[in-house]
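Student: Since chain A is already given, all that's left is putting chain B with the ligands on it; use the hints.
Residue numbers (the numbering used here), protein chains in the order written: chain A, 28 to 873; chain B, 62 to 488.
Hints were generated in silico from the structure; no laboratory data involved. Quick reminder that beta carbons are idealized off the backbone N, C-alpha and C, glycines included. Just so you know, not all the hints are guaranteed correct.
[Stated by the list, open to error] Quick list of in silico lysine-lysine cross-link-like pairs, DSS-like style, CA-CA up to 25 Å:
hint : chain 1 : residue 1 : chain 2 : residue 2
1    : A       : Lys45     : B       : Lys135
2    : B       : Lys252    : A       : Lys33
3    : B       : Lys418    : A       : Lys114
4    : A       : Lys653    : A       : Lys610
5    : B       : Lys369    : A       : Lys87
6    : B       : Lys78     : B       : Lys131
7    : B       : Lys99     : B       : Lys135
[Unchecked claim] Pulled from the structure, derived: some chain B residues nowhere near chain A, Cβ distances all over 10 Å:
hint : residue
8    : Thr81
9    : Leu95
10   : Tyr159
11   : Gln200
12   : Gly216
13   : Asp218
14   : Trp287
15   : Ala294
16   : Tyr329
17   : Asp355
18   : Asp358
19   : Ile443
20   : Val448
21   : Asp471
22   : Lys478
23   : Pro479
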Amino acid sequence: MPDQVKLKIEDRDVTVDKGQTILDAALKLGIIVPTFCWDPRLKPIAACRMCLVEVEKAPKLVPSCAVPAIEGMVVKVFSEKAIRGRKAVLEFILSNHPLDCPTCDKGGECILQDHTFNHGPTGSRTIEPRNRTIFDEKYKFDDFPLGPVIWLNMNRCIFCFKCTRIIKEIAGDDDLGAFNRGYHTILHGHKNRPFRSEFSGNTVENCPVGALVANSFRYKVRSWLLKKTPSVCHLCGDGCNITLWHQGQKLFRIYSRWNRNVDNGLLCDRGRFGGLYADSDRRLRNPKIRREGKLIDTTWEEALDFVAGNLESIRAKFTAAGIGVIGNEMLSNEETYLLSRIARRVIGTNNIDFRFEDKFTPSTDLNLKLLYFLVKRIPFSKFGEFRNHLIIGTDTEVTHPIMTLWLKRAISSGRSKCYAAYHRKTDFTLHPVESIEYFPQGEYNFLLALYSALKGKSIDESALASGVASTLIQRWAELLKGSKTLLLAGEALYNNPRGSENIDLLKAICDLLGEGSVINIPYDGSNYLGNLLWGATPGILPGGSQNDEENRSIICKEWKCDNLPEAGGMDTSQMLTAASEGKMGALIFFGSDPVGFYPDREIATKAVQNASFKVACETFLTETGKLCDAVLPLAPFPECSGSLISSEGRLQFFEKAFDPAYSSAEGWRIILRLAQRLGFEGDYSSPSEIWSEMASIADKCGKVDYKQSQYGGQFLKMDFAARAFSNLDGFQSSPLPSPTAEFPMILTYGASVYQKRNLTAYAESMDKIDPGPKLYINPDNAAKMKLYEGDTVRVSSTKGSLTMKSAFDYRIRPGTVFIPTNFQEAEFNSLLSSKSDLTFVKIERL
Amino acid sequence: MTNKILFKYIDHPDQDKIATYIENGGYLALRKALKEFKPEELVELIKKSGLRGRGGAGFPTGLKWSFLPKNMNKPIYLIINADESEPGTFKDRQLMEYNPHQLLEGTIIAAYAIKCHLVFIYIRGEFAYCAQQISRAIQEASSHGFVGKNILGSGFDLDIHIYRGGGAYICGEETSLMESIEGRRALSRQKPPFPAIEGLWACPTIINNVETISNIPHIINNGAEWFASIGMAKSVGTKIYCLSGHVKRPGNYELPMGVSLRELIYEYGGGIIDDYALKAVIPGGSSVPILRADEIDVKMDFESLAEKGSMLGSAGVIVMHDGTCMVAALQKLVKFYEHESCGKCSPCREGTNWMNKILKRMLAGEGRPEDVDLLYDVASNIIGNTVCPLGDAAAMPVMSFIRKFRDEFDNICGGGKPYGTISFPFR
Ligand SMILES: Cc1cc2nc3c(=O)[nH]c(=O)nc-3n(C[C@H](O)[C@H](O)[C@H](O)COP(=O)(O)O)c2cc1C
Ligand code: SF4
Ligand code: SF4
Ligand code: FES
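Isolated chain A, as found in the complex (with noise of 0.2 Å):
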């Protein structure tokens, strides 16, 4: 074959592709070649020279990580000079090494270590110091802070420039750099500027020594005595697969478990260090109940009789329509397809959502065309395949930092250019990334103006509607059309007042655009697929299809019972204005907190105050929870198994690392006491029960295949019936309300990229990671205002104001200002108002 090149090593014959290099040949013959700065995802640079082989009839010896295989070619790992060669590498390498391994975090995985054990000299011949730096005497060791949460020591760097790579080629990023030259480089950020690549602690997992620590393991245990559990990540729709290193019931780090299909071996920091929030000991520790005004501290026992006993109570005053269950998008598969049956067949209602972060959710019809799409969504090893990516309506890097790496990947192979809009510029965006920015809820008008474009329609009036200059929107449409495109649809699209339409119209685009185009759906939350498909919707049975009397018969047979709640039901916004109008008369919080969340505080508030009765289970203590009548102790993923759908469609299982800690308890064990106190028969013993339960139902509906079973998660077959989209010959441009004179700017608001909610600031050292709350403004629009960097401001709406520092962000879109929702003292939601679309504020100096 033309294509592929023989070779022999070692006297063993093989074929590799041409074009890779003689370690891919050993490796396919099994033959390991020490190496350190070798990395298959980053280019090689052959500086580290630990995998020199000798080659018959070239000059030296050869870096066997670097040199492609070429026909014909001889190549000697073992002989006597490809040994001393080594042998003399590793000499160099360690010889301005410090050896403090008795106090070094790597010491027992270090690949120094490994190495000198197999092929190293046997002693030093160095008797000089071997200090390489000091940074600063205050710390020991010589170690120092490159940001919030990795410390470098320099002194035990061997320089495989693996680090710089990842940021630089992986991340894209250039917060990390190489300095100085020969044997004084030092490895540093930006002068002045903090190490916080948000996928910075892949420098230290890839570390092959112990120069890079992350903050939060630095001297704390020795590696060799942890545990490991494979388990998911649970704080984005990407689903990395982690390991859990733990002792006894604590959790010390999270690395990476390594899915080619998946993460390629990389996390973000929010999963590997905000993970680790399941071991802060500000959780709550038992069950709580209000006695004479207070939660005091209670036995599951009586806990759990009081809730029971309380709901029966409500149920048989309000009826069962008059119970609502606000679920939250992280629930493992078992755990919401549990909530959903308690709720409709135990309490008899459809009152069930899992969102309580958005104003307008997506009703059932939406849902089930957006499952649709799902028929034909994309894996994320198979972006280089599209020539374009059209992103609109998300930063991506924060809802899935790991898919926006495999964006990346694909930009940089030079396959695939990316097109984003959104309403502001992200990280994403400062990358080789076509760029838009429109209005604040402008989706409508731009989707309109690009689809108008591409079909050579006048765009003017809905360009102007949506913000952008029509001649930009034109050059898109020129761009993308008959290029193959790949459509990531964000949260902003279907999570609008007009989210149908916008659907309508980004599947009119897709059809618009060349062949195999197809449109994904990057779901925000670990498991909101799973939520969706398990029943956590009012519209959407166990099994994902829509609740009718004909798919409600199939759930009755597998429930065994005669009949199912009619359709109907509320999601969370309904329940929270009726319960704010006091016309609920129970709500159930399963890890949420609308208080805390929902987009409109006083509504929330209110609701939670004026249900008759009110159970909050969670992980911590949340302003929702300070106001219900019961507490109880949710226990955090690692103390957990289940399974949870990826955004990508893929089924991944989880293990518990150990039990839960304090009285907490798993999510699926709260349910099925409680179900039971209420009048349920069954029992299951292990999430896995459930699971085979789960099976049978999706098996009956024939939406998703769950059947077949591979390495790495399963990437689910669906099968969802196409729906109606409308015609769009009616659509018209619709300008949005302008701010007033009074409250001149628009206010955004969303997650910070390093954290989840208010969760992960609960994890060590990323609490510091944010600055803090801020409000982020325009340069230009501050330099207007007079105002300064720093300087306190009042943000007010017509629902209320708060004060805090500002901060400037060339990124943010003239006129609009941001908020970081993820500081719960800054109570953002507190400006918010449900019943306007576009919340306008007004900002003055303190």
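Tutor: Positioned in the frame of chain A, the structure of chain B with the ligands alone reads:
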């Protein structure tokens, strides 16, 4: 000293101005090349002339050019390596300061020969005046239509850029130089791929030394046979020898290849200063193995010096008299390489540092007898195991110094006093 080629007009005032240069026969070669030759024929001509690179390795220039892939749809780049920083070498600087048009004419012809439309002249950071001269020369040449669009009506377009280095020796190494132009830290690249296949921005690239390129107009004017007839059989043409150190008349001497080293030192250089005796000579810039006083009856060309176990390198001849302490001299050299190593590969980064530490210890009187062998062993462990030849360049002098002056090292490590008073002829 009659048949000077590159230095023929070096003392001529205003030779750096285009008018004088043209008066003295300048840019005739360019006209001839563009009119009478196809690019491929020029490559053949340079091949036939036997011209070899003057940057250090002596690689046949025409052969290098012919490695360029044919029928590629990528642009081809030419880089003129004017980063001259090898200790003891100072010829390119004089060529650029006094005769910049000669370099430019050669550059334009070379670019035409390899079908390149964009040239970078990478000038060492410290050479501010050179950069000024070249930049003025480019302006003059463009106003005469020698650079720019449609040169002399031939349809050949060419742009020349000056790129000024940041002052690192490693930037002279061709792959680091390209990294530097691409805007990164100058870390050498592993070869293959060779620059002619994948160089600057992954496009085919030719890198040549200033002196190499300055020869080209003369080859065009006088023919390949003429050039091949000068000098030795395989090392042809003239060479600019940079004579420095303890000689009476240091400086640049353009002489035919193969002049004897003794003649160079004693006739052209006027002998050793202060009537000391000669102790040792480094014949080709600091990176090559040293020769003892009894080895100087050698012809200064690539082959003859290789036979003696040394190299012509960049022909920077550094002369040391017998008041020199070889350990101190070596330490100065090694310190240079320790400082200039780019730090990419372990053997060079750590090895140069280690060798420097050992040598410093020796000079401080703390050497142990086994340190001499250790030093030799460290050096031999560097050789051949590095990314670029800088590592070898640091190790080769160490090994040759020890081999040829072992007694001095043994003496100092056995508790003896350093030999001599004067350490080394350069700082
Ligand atoms: C460490 C090192 C430094 C070098 N410095 C220079 C230099 O300053 N000038 C130069 O022309 N070549 C230098 N070279 C040689 C170049 O890599 C390259 O071989 C040369 O420019 C090719 O040109 P030539 O074929 O015309 O000789 C250096 C090589 C090494 C390994
Ligand atoms: S800090 Fe670690 S990863 Fe970075 S260059 Fe040094 S050894 Fe390599
Ligand atoms: S030999 Fe020295 S200069 Fe060359 S790549 Fe290695 S470290 Fe850099
Ligand atoms: S692994 Fe090949 S040189 Fe580092």
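Student: Against this structure, judge whether each hint is valid.
Tutor: We went through each hint and held it up to the structure:
1. The hinted pair formed by Lys45 (chain A) and Lys135 (chain B) meets the criterion: a straight-line CA distance of about 21 Å does not exceed 25 Å.
2. In summary, the hint linking Lys252 (chain B) to Lys33 (chain A) is supported, as the alpha carbons are separated by about 21 Å, within the 25 Å threshold.
3. For the hint pairing Lys418 (chain B) with Lys114 (chain A), the CA-to-CA distance comes to about 21 Å; that is within 25 Å, so the pair holds.
4. A hinted pair counts as satisfied when its Cα atoms are at most 25 Å apart, and Lys653 (chain A) with Lys610 (chain A) qualifies at roughly 21 Å.
5. For the given pair, Lys369 (chain B) sits about 22 Å from Lys87 (chain A) by alpha-carbon distance, which is consistent with the 25 Å threshold.
6. Annotation: proposed proximity of Lys78 (chain B) to Lys131 (chain B) is violated, straight-line Cα distance about 37 Å (limit 25 Å).
7. For the hint linking Lys99 (chain B) to Lys135 (chain B), the alpha-carbon distance of about 20 Å falls within 25 Å, and the restraint holds.
8. The claim that Thr81 (chain B) is not at the interface with chain A holds, since no C-beta of that chain comes within 10 Å of its own (minimum 41 Å).
9. For Leu95 (chain B), the non-interface assignment is confirmed: its Cβ lies about 36 Å from the closest Cβ of chain A, beyond the 10 Å cut-off.
10. No beta-carbon of chain A comes within 10 Å of the beta-carbon of Tyr159 (chain B); the shortest separation is about 32 Å.
11. The Cβ of Gln200 (chain B) lies farther than 10 Å from every Cβ of chain A, with a closest approach of about 34 Å, so its non-interface assignment holds.
12. Every CB of chain A lies more than 10 Å from the CB of Gly216 (chain B), the least distance being 32 Å, so the non-interface label holds.
13. Listed as outside the interface, Asp218 (chain B) is consistent with that label: its C-beta sits roughly 27 Å from the nearest C-beta of chain A, beyond the 10 Å cut-off.
14. Against the 10 Å criterion, Trp287 (chain B) stays outside the reach of chain A, whose nearest CB is about 35 Å from its own CB.
15. Against chain A, the non-interface label of Ala294 (chain B) holds: every CB pair exceeds 10 Å, the least being about 24 Å.
16. Separation of Tyr329 (chain B) from chain A is adequate, the least Cβ-Cβ distance of about 36 Å exceeding the 10 Å criterion.
17. For Asp355 (chain B), the condition that its CB be more than 10 Å from all CB atoms of chain A holds, with the nearest at approximately 30 Å.
18. In this structure Asp358 (chain B) is separated from chain A by more than 10 Å, as the shortest Cβ-Cβ distance comes to about 30 Å.
19. Consistency note on Ile443 (chain B): stated as away from chain A, yet its beta-carbon is not over 10 Å from all of that chain's, at 8 Å minimum.
20. Annotated as non-interface, Val448 (chain B) brings its C-beta within 10 Å of a C-beta of chain A; the closest such distance is 6 Å.
21. Residue-level check passed: Asp471 (chain B) sits 18 Å from the nearest beta carbon of chain A, beyond 10 Å.
22. Distance to chain A confirms Lys478 (chain B) as a non-interface residue, since its nearest Cβ pair spans about 22 Å, more than 10 Å.
23. Consistency note on Pro479 (chain B): stated as away from chain A, and its beta-carbon is indeed over 10 Å from all of that chain's, at 20 Å minimum.
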